[in-house]
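*Asks:* Going line by line, the protein sequences match chains A and B.
Each position in the first sequence, counted from 1, maps to that position plus 173 in our numbering.
Each position in the second sequence, counted from 1, maps to that position plus 173 in our numbering.
Be careful, since some hints might not be right.
A pair holds if it fits inside one copy or across any two, identical chains being indistinguishable in the list.
[Claimed, not checked] Listed below are the simulated SDA-like cross-link pairs for lysine to any residue, each with C-alpha atoms no more than 25 Å apart in a straight line:
id	residue 1	residue 2
1	548	272
2	176	764
3	239	174
4	247	390
5	253	557
6	508	642
The set of hints was computed from the structure by calculation and includes no laboratory data.
Protein chains: 2
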Amino acid sequence: MPKYQAPLRDMKFLLNEVLEIGTYSNLPRFSDAPPDVVDAVLEGGAAFAQEVLQPINAIGDRQGCKRNPDASVKTPDGFKAAFKQMSDDGWMAMSADQQWGGQGLPRVVSMPFLEMCSSANMAFSMYPGLTRGAAEAIQEGGSDEQKKTYLTNMMTGKWAGTMNLTEPQCGTDLGLIRTKAVPQPDGSYKITGQKIWISGGEQDLTENIIQLVLARIEGGPEGIKGISLFIVPKFMVNADGSLGARNAFQCGGLEEKMGIHGNSTCVMHYEGATGFLVGEPHKGMRTMFVMMNEARLGVGLQGLAQAEVAFQNAAEFARDRVQGRSITGVKAPDKPADPIIVHPDVRRMLMNMKSFTEGARAFAYWTALQGDLEKVSPDAHVREKAEDRMTLLTPVIKAFLTDRGFQCTTDALQLHGGTGYTREQGVEQFVRDARIALIYEGTNGIQALDLVGRKLAANGGRAVFGFFSDLEEFVAANEADPRMKPYIEGLQSATAQLKEATMWLMQNGMSNFDNAGASSHDYLQLFGLTAFALMWAKMAKAALEREGTGDAFYANKLATARYFFERVLPDVTSHLAKVKTGAGSVMALPADAF
Amino acid sequence: MPKYQAPLRDMKFLLNEVLEIGTYSNLPRFSDAPPDVVDAVLEGGAAFAQEVLQPINAIGDRQGCKRNPDASVKTPDGFKAAFKQMSDDGWMAMSADQQWGGQGLPRVVSMPFLEMCSSANMAFSMYPGLTRGAAEAIQEGGSDEQKKTYLTNMMTGKWAGTMNLTEPQCGTDLGLIRTKAVPQPDGSYKITGQKIWISGGEQDLTENIIQLVLARIEGGPEGIKGISLFIVPKFMVNADGSLGARNAFQCGGLEEKMGIHGNSTCVMHYEGATGFLVGEPHKGMRTMFVMMNEARLGVGLQGLAQAEVAFQNAAEFARDRVQGRSITGVKAPDKPADPIIVHPDVRRMLMNMKSFTEGARAFAYWTALQGDLEKVSPDAHVREKAEDRMTLLTPVIKAFLTDRGFQCTTDALQLHGGTGYTREQGVEQFVRDARIALIYEGTNGIQALDLVGRKLAANGGRAVFGFFSDLEEFVAANEADPRMKPYIEGLQSATAQLKEATMWLMQNGMSNFDNAGASSHDYLQLFGLTAFALMWAKMAKAALEREGTGDAFYANKLATARYFFERVLPDVTSHLAKVKTGAGSVMALPADAF
Numbered sequence: 174m175p176k177y178q179a180p181l182r183d184m185k186f187l188l189n190e191v192l193e194i195g196t197y198s199n200l201p202r203f204s205d206a207p208p209d210v211v212d213a214v215l216e217g218g219a220a221f222a223q224e225v226l227q228p229i230n231a232i233g234d235r236q237g238c239k240r241n242p243d244a245s246v247k248t249p250d251g252f253k254a255a256f257k258q259m260s261d262d263g264w265m266a267m268s269a270d271q272q273w274g275g276q277g278l279p280r281v282v283s284m285p286f287l288e289m290c291s292s293a294n295m296a297f298s299m300y301p302g303l304t305r306g307a308a309e310a311i312q313e314g315g316s317d318e319q320k321k322t323y324l325t326n327m328m329t330g331k332w333a334g335t336m337n338l339t340e341p342q343c344g345t346d347l348g349l350i351r352t353k354a355v356p357q358p359d360g361s362y363k364i365t366g367q368k369i370w371i372s373g374g375e376q377d378l379t380e381n382i383i384q385l386v387l388a389r390i391e392g393g394p395e396g397i398k399g400i401s402l403f404i405v406p407k408f409m410v411n412a413d414g415s416l417g418a419r420n421a422f423q424c425g426g427l428e429e430k431m432g433i434h435g436n437s438t439c440v441m442h443y444e445g446a447t448g449f450l451v452g453e454p455h456k457g458m459r460t461m462f463v464m465m466n467e468a469r470l471g472v473g474l475q476g477l478a479q480a481e482v483a484f485q486n487a488a489e490f491a492r493d494r495v496q497g498r499s500i501t502g503v504k505a506p507d508k509p510a511d512p513i514i515v516h517p518d519v520r521r522m523l524m525n526m527k528s529f530t531e532g533a534r535a536f537a538y539w540t541a542l543q544g545d546l547e548k549v550s551p552d553a554h555v556r557e558k559a560e561d562r563m564t565l566l567t568p569v570i571k572a573f574l575t576d577r578g579f580q581c582t583t584d585a586l587q588l589h590g591g592t593g594y595t596r597e598q599g600v601e602q603f604v605r606d607a608r609i610a611l612i613y614e615g616t617n618g619i620q621a622l623d624l625v626g627r628k629l630a631a632n633g634g635r636a637v638f639g640f641f642s643d644l645e646e647f648v649a650a651n652e653a654d655p656r657m658k659p660y661i662e663g664l665q666s667a668t669a670q671l672k673e674a675t676m677w678l679m680q681n682g683m684s685n686f687d688n689a690g691a692s693s694h695d696y697l698q699l700f701g702l703t704a705f706a707l708m709w710a711k712m713a714k715a716a717l718e719r720e721g722t723g724d725a726f727y728a729n730k731l732a733t734a735r736y737f738f739e740r741v742l743p744d745v746t747s748h749l750a751k752v753k754t755g756a757g758s759v760m761a762l763p764a765d766a767f
Numbered sequence: 174m175p176k177y178q179a180p181l182r183d184m185k186f187l188l189n190e191v192l193e194i195g196t197y198s199n200l201p202r203f204s205d206a207p208p209d210v211v212d213a214v215l216e217g218g219a220a221f222a223q224e225v226l227q228p229i230n231a232i233g234d235r236q237g238c239k240r241n242p243d244a245s246v247k248t249p250d251g252f253k254a255a256f257k258q259m260s261d262d263g264w265m266a267m268s269a270d271q272q273w274g275g276q277g278l279p280r281v282v283s284m285p286f287l288e289m290c291s292s293a294n295m296a297f298s299m300y301p302g303l304t305r306g307a308a309e310a311i312q313e314g315g316s317d318e319q320k321k322t323y324l325t326n327m328m329t330g331k332w333a334g335t336m337n338l339t340e341p342q343c344g345t346d347l348g349l350i351r352t353k354a355v356p357q358p359d360g361s362y363k364i365t366g367q368k369i370w371i372s373g374g375e376q377d378l379t380e381n382i383i384q385l386v387l388a389r390i391e392g393g394p395e396g397i398k399g400i401s402l403f404i405v406p407k408f409m410v411n412a413d414g415s416l417g418a419r420n421a422f423q424c425g426g427l428e429e430k431m432g433i434h435g436n437s438t439c440v441m442h443y444e445g446a447t448g449f450l451v452g453e454p455h456k457g458m459r460t461m462f463v464m465m466n467e468a469r470l471g472v473g474l475q476g477l478a479q480a481e482v483a484f485q486n487a488a489e490f491a492r493d494r495v496q497g498r499s500i501t502g503v504k505a506p507d508k509p510a511d512p513i514i515v516h517p518d519v520r521r522m523l524m525n526m527k528s529f530t531e532g533a534r535a536f537a538y539w540t541a542l543q544g545d546l547e548k549v550s551p552d553a554h555v556r557e558k559a560e561d562r563m564t565l566l567t568p569v570i571k572a573f574l575t576d577r578g579f580q581c582t583t584d585a586l587q588l589h590g591g592t593g594y595t596r597e598q599g600v601e602q603f604v605r606d607a608r609i610a611l612i613y614e615g616t617n618g619i620q621a622l623d624l625v626g627r628k629l630a631a632n633g634g635r636a637v638f639g640f641f642s643d644l645e646e647f648v649a650a651n652e653a654d655p656r657m658k659p660y661i662e663g664l665q666s667a668t669a670q671l672k673e674a675t676m677w678l679m680q681n682g683m684s685n686f687d688n689a690g691a692s693s694h695d696y697l698q699l700f701g702l703t704a705f706a707l708m709w710a711k712m713a714k715a716a717l718e719r720e721g722t723g724d725a726f727y728a729n730k731l732a733t734a735r736y737f738f739e740r741v742l743p744d745v746t747s748h749l750a751k752v753k754t755g756a757g758s759v760m761a762l763p764a765d766a767f
């Protein structure tokens, strides 16, 4: 059975020594997160993830969810109790506003907890994750009364929330939505239609489920400009907050999937269900995008989280399993063979995983910090800069972390050899679970299009030029330090190639949009690698400053940084070459030639 | 439900127009394969794969195999009838010697059939595949009496065969085998021990199962030099060929796995079972390696086969599914949205798959042709050259085709979006099935070590220098043709980088063996890409010669070749960069730092 140990040392290094969150202690939210609170959150969160969520991860995979004849859904054994504990102990609402029952901690402080939960049990973590997303959408776009009615119970995990977007004929292209909303005299709407792939659409964890549903108000505009967002509670909420009548929708079936079996993936039938409009009519996508952007960071974190737990199990297997002898001579003469960690190709896989997880963690936490600064900084320039970074990098985080995170899970399986392919060992579950993260919340191809089609051009390229400044300012500030040379050189080279690719896109993507589309995937990969290079250079700097303490953590961090620059970053060159070929050979064949 | 259509046009192109097997019609085996026979094999094989094997593929995945309380094993519905038909219709023995009931066709002619079966039903195809491998081992190392007793029934599929190598404490490192063989007065041995992960170790398809078992003769040398190979039949074979007593072994359990559920993966308990030594005592690995090398080509073919069927389903989905509009303007005004094949990033995934499957097919078939020439050419130089190519390229085929083939299955899933993640659609089965091929018959890491540690140095580097000559001779013969320029340039560049990497390894791998181990993976990838470049250049040449026929097949082949050179081959550069960093950063961390 797989194990999980929260990487607290690395998390603390990032929060305290790389991001230096202590320097923001004069700002709102940060002022509520002094070091002892942060430590308590990390230690307590680790205990919860390791002791409560991890033990029911394999159970969830094997049992899956069951739909009963009455259309109710049973989640796997232990899920209900774990959800209740998560809610009761205050974990759900950590970064929610105090007004809605939260502790109001900075988002960056909640990242380690979210990562730990997702490493320990990804299928479970989707229930609170989507609840948080739905609550944030209501907070963003809902009326005061809606906030008052729903937010506290959702933020604290008494109730759950969902996102109802997909229909059989539309996933990526939400303009094709057919679910109808018919206005009622009392101001509510009757919602009718079928939604599919609704994570947590029905479950037995919470006493109420607040569905957020995209639907088309009868007579509204066609396409994406006629989509509105509705709150559709499973049980109506009375004026005093108590629960009333059961609403007219139900779970029509559960989807059998490759993984995340512990999460219920529901077909939802809305049969004239009562719904309440969120925000303005036909403007539902605006609020939904706010929610999706937040959710995309969470999905990127899932890529990291599954890579981390897979890596940990691979590392343990590599130290324990004896097989063959080191090619440079026997290393464990007391054993029948050497532990396989002596073999360079095993090391290569471990180093790939380690340099990914640590780089991804830095990237995700740094971006989350931007999300906080965007909200709480008193300086308009800082807020704008933070928002630019956050907006620009969200598709990169989502796609790059899930692409490479999935690759780590499959490398971890590979490192286990045949053992990894057996269900008993458990690493194959990480592969199956991690695979969905490349798809949902917008496929990774959509993320790449979002990056090149929207994010680059927004505000005249302000965000991407700002990011180039981030890269160049770091280089300028550190290039005089000879110890930083190996990292600065790599960062400079990646930056130059990212700029070259960006210029190529600006010149060629406008004259032929297919050039932008055809190069978007490789451009995003190049972007992700360059962002990782910045993160690794930042980490190297922080480690160099503390190397003299003799703590091996810092020497190991520098060795891993060196691996990243030598062994991972060279991929930028082939991505650049691919970007610059454009759409020609990509689009050359007629559709029937495939 | 997924579909499969054998790519007969491409197969014929390779056999007739690229490999030109007709030019060998004066040689043994080839003389039995005139064009009408080859066509009949292709058409009949396609019908068998599509109509018999493909329909029971998803059934096999869902039902899996069941072990009964009496230790017998039930394979999925339809498997037994399909196996009988495969045997009765003569498909099993296609390339077996006529002496043993075969048709004696060249191996290269059997490749399309093996590919089709593996595309249609990988789990099923392992039963005949391992039977063929076991029969070939007996043919290679067995006594005349053993051949007479077992070969015809195994080659024709009346009986099945297996390979029993792995034990709980040893997979890659077979020197650790503990299964014991105790000599008996009658010349037989009593075999005792536990074997795991034995594919087809027990099943209900055939009336007898011939286990090939690696075991240690009591008192023999320790380690790999004390391993002997034994024939251990499930039912003893009487002198008249009839079946006698049940041997003393049984299936102790079935392994639950990520995929290939239709294939029984058995724990085998040998309890003083009667076994017959194959070849000399303590020399079992020699025969087993012959068998494994053959099997490795077959596993490479599985990588191609799963990529092909996944690609076909992805292409169909991309043509059918409408979602969004082309970024260059509406393409299907009569539909609510354009088919997703208009989107460049969807094309990119399809072109990756298409350029892989066609390149892999050429590479695998070309290598199989070398296997034929090695056996039947009257020219000693041709035989030596063919054997060198076959030996050198076997680990490349195994690892590169399974690595990138698996990537294709996961890209095909990605192209399906959420649909791909559901079990109902079926593409996720290809991902789970294909995953094992990177592991069994020697993990891909072992293949890379085999390439750099054994194959490069063998006979003073004769094989690798011979392969460089293959590359250079093709360039020299075709560089004057201006139409070949885009392909020749890419081939030259890849060749130069492969040579540079080889020289680096020769200089640095000997001084520090860890350098060779740390760079072996990237070296193999670089090797595979370069071999693909040669194949694509050969295919481009054959297509250019026929482009004037107006058959769109040739224009499409050239467009796909161009995609390969522009969009796939650039990866050589980053692999070379990684090779040349050596072991330093790979081995820098202490084992407890992971």
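*Asks:* Look at each hint and say if it fits the structure.
*Replies:* Results of checking the hints against the structure:
no., hint, in the structure
1, 548 - 272, "within (16 Å within a copy, 81 Å between copies)"
2, 176 - 764, "between (47 Å within a copy, 18 Å between copies)"
3, 239 - 174, "both (24 Å within a copy, 23 Å between copies)"
4, 247 - 390, "neither (33 Å within a copy, 55 Å between copies)"
5, 253 - 557, "neither (41 Å within a copy, 67 Å between copies)"
6, 508 - 642, "neither (54 Å within a copy, 45 Å between copies)"
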